[in-house]
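Enquirer: Start from chain A and add chain B according to the hints.
Taken in order, these protein sequences are the chains called A and B.
In terms of the working numbering, the first sequence has 106 at position 106, counting the first letter as 1, and numbering is strictly consecutive.
In terms of the working numbering, the second sequence has 113 at position 113, counting the first letter as 1, and numbering is strictly consecutive.
Derived from the structure by calculation, the hints contain no laboratory data.
Fair warning: this is a prediction, and the values are worked out from it, not measured in the lab.
Where chains are identical, the list cannot tell them apart; a pair therefore holds if satisfied intra-copy or between any two copies.
Below 27 Å or equal to it, Euclidean Cα-Cα: the simulated DSSO-like pairs (lysine-lysine) are: (1) LYS120 <-> LYS141; (2) LYS9 <-> LYS122; (3) LYS9 <-> LYS101; (4) LYS70 <-> LYS101; (5) LYS157 <-> LYS70; (6) LYS101 <-> LYS121; (7) LYS70 <-> LYS122; (8) LYS101 <-> LYS122; (9) LYS9 <-> LYS141; (10) LYS9 <-> LYS236; (11) LYS9 <-> LYS157.
2 protein chains.
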Amino acid sequence: MAFHPTQIKAMVFDTFGSVVDWRGGITRDLTEWGNANNVHIDWHAFAVAWRGRYQPQMEVVRSGNRPYTKLDILHRESLEFLIPQFGLEHLTEAQRIHVNKVWHRLTPWPDSAPGLARLKKKFIIGPLSNGNVALLTNLAKFSGTDWDVILSTELFKGYKPQPQTYLGVCEILDLAPDEVMMCAAHNYDLAAAQAVGLRTAFFARPTEHAENQTTDLKADRAWDVVAQDILDLADKMGA
Amino acid sequence: MAFHPTQIKAMVFDTFGSVVDWRGGITRDLTEWGNANNVHIDWHAFAVAWRGRYQPQMEVVRSGNRPYTKLDILHRESLEFLIPQFGLEHLTEAQRIHVNKVWHRLTPWPDSAPGLARLKKKFIIGPLSNGNVALLTNLAKFSGTDWDVILSTELFKGYKPQPQTYLGVCEILDLAPDEVMMCAAHNYDLAAAQAVGLRTAFFARPTEHAENQTTDLKADRAWDVVAQDILDLADKMGA
Numbered sequence: 001m002a003f004h005p006t007q008i009k010a011m012v013f014d015t016f017g018s019v020v021d022w023r024g025g026i027t028r029d030l031t032e033w034g035n036a037n038n039v040h041i042d043w044h045a046f047a048v049a050w051r052g053r054y055q056p057q058m059e060v061v062r063s064g065n066r067p068y069t070k071l072d073i074l075h076r077e078s079l080e081f082l083i084p085q086f087g088l089e090h091l092t093e094a095q096r097i098h099v100n101k102v103w104h105r106l107t108p109w110p111d112s113a114p115g116l117a118r119l120k121k122k123f124i125i126g127p128l129s130n131g132n133v134a135l136l137t138n139l140a141k142f143s144g145t146d147w148d149v150i151l152s153t154e155l156f157k158g159y160k161p162q163p164q165t166y167l168g169v170c171e172i173l174d175l176a177p178d179e180v181m182m183c184a185a186h187n188y189d190l191a192a193a194q195a196v197g198l199r200t201a202f203f204a205r206p207t208e209h210a211e212n213q214t215t216d217l218k219a220d221r222a223w224d225v226v227a228q229d230i231l232d233l234a235d236k237m238g239a
Numbered sequence: 001m002a003f004h005p006t007q008i009k010a011m012v013f014d015t016f017g018s019v020v021d022w023r024g025g026i027t028r029d030l031t032e033w034g035n036a037n038n039v040h041i042d043w044h045a046f047a048v049a050w051r052g053r054y055q056p057q058m059e060v061v062r063s064g065n066r067p068y069t070k071l072d073i074l075h076r077e078s079l080e081f082l083i084p085q086f087g088l089e090h091l092t093e094a095q096r097i098h099v100n101k102v103w104h105r106l107t108p109w110p111d112s113a114p115g116l117a118r119l120k121k122k123f124i125i126g127p128l129s130n131g132n133v134a135l136l137t138n139l140a141k142f143s144g145t146d147w148d149v150i151l152s153t154e155l156f157k158g159y160k161p162q163p164q165t166y167l168g169v170c171e172i173l174d175l176a177p178d179e180v181m182m183c184a185a186h187n188y189d190l191a192a193a194q195a196v197g198l199r200t201a202f203f204a205r206p207t208e209h210a211e212n213q214t215t216d217l218k219a220d221r222a223w224d225v226v227a228q229d230i231l232d233l234a235d236k237m238g239a
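This is chain A alone, in the form it adopts within the complex (with noise of 0.2 Å):
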C-alpha cells in the first residue's frame, strides 16, 4: 500500500544502538569509572563481549525455555559470567550493581534528541525497546531523549522480533498497526514489525557495532522510510 506520513500517528523507535550508542557510551562510562576506583580492565573489549550474550540470552525467553525475565537481570547474569573472563571478582556488590546499571546510563548518537524533539510535535514518540521499564525510564533522563510514552518489551513480556511485542503497542496505544513506525537501525526489526502489518523506518548506524562493522550498513528492502538518521527522518516525515 503507499505509505504517507499523515497515515502515522505513534512513532516506536529500537533504542540500545538506534537511539543511543551503548558501545561508546559503556566504554566511556566504565573506563572513567575504572580509573577513579583502579579498575583497569579493556572496558571496550568489556562491553562487546556483554553485548554479544544479549541475543542468546534473550533467546532462551523467546524460545519459552525460561519464563520472561527484565532484560536488568539477564544484564546482571551477562555481567556475573564475563566477571572471571576480565578478572573482575573483587567488585563489591554495590560495585557489580554500578556496573550493571551503565545500561541505564547510555548516551545518545547527536541526531537523537533534536530530531526526537522535532518528531514529538507532530506524533506520539516512545521506545519500543527489549529494556525493561525502569531502565528506559532512567536512560532517557539520563540521555535527554523526551519520549511521550515508555513502550518496552517488558509490557508484554516478551522480546522483538516476536510479534506480540509489535502488536502490543498498537493494542496499548488503540491503534491499528498501519497507523504505528517501527523506526530502527536494524534490519530484522523493522521485517518482524513489517510482517505484522507496522509501518517501517530505517536510518543506519554503521558503527554500533564496530568501526569495521559489516551488518545493518543499509536497507535491506525498501522500508516506508529510509532516512540518514533521525533528523533526516524527521524532514521526510514532515515534522
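Expert: Using the frame of chain A, we list chain B on its own:
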C-alpha cells in the same frame, strides 16, 4: 518514619481531578462541539452524571466480577447508558466515539503543567491513573503535561485503590515503596498508597466535583506533604 524529599525518586500523580479538570473540561469541550453540531443539552449535568458512574463501574472489576476492562470501554458503556436519559439517541457512531474521547481532551488546572515541569527536573514523574495508556498518552499531549513515563493501572490489570496498582509502579520502576510518592487530591487514594508503603502528597482541588463540593477539601491525615497545588508541591519538594 521521618520524611525528607531527597528520599524520593519518583512522583506519580492521580490525573482526573488532581492534574486535569474533568468537569470543566468535558463541559467546555462538549458544549462547543454541541453548538457546532446542533446538539443542545446540559453538558455540565451530563459530565457529572457520566463521572457518577465511574466508581460503580470500576467496582465491578475490582470485586472480581468482571475481568480487567479498559477505562475507555467503561466510559463508552456509561455513555450508552446515559444516551437515552439525555435524548442523544440520534448520535452517530462516529459522534459517539468523538464524545467518548473527550476524556482524552481534558484541560489541566493552571498550576499543573508548570508545577510538573519543575518537578520533572528533579524526579521521575508520571501519572498513576485509572485511565488506560492510550487515554493518558493522548491526554498528556493534549494538555501539555510532559511525563517521563505513563503509568496506568492498565499495566497492572486493576483499578486504584487496589494495592497491586501502587506496588506495581514500584516493581516496574525498580524502586522501593518509600522512594515513590503518590500525589493526589483524593484522600482515599493516598490512604491506599500509604497502606502499602508509598510516600504521599495531598493538594486540594476544591471545585473538582462541584462549586459547592463537600469532600476532599482538606487533608484527612498528616500526609508526608500537604500542599496548596502542584506549584506549591514543587516548592515543598525543593524542585
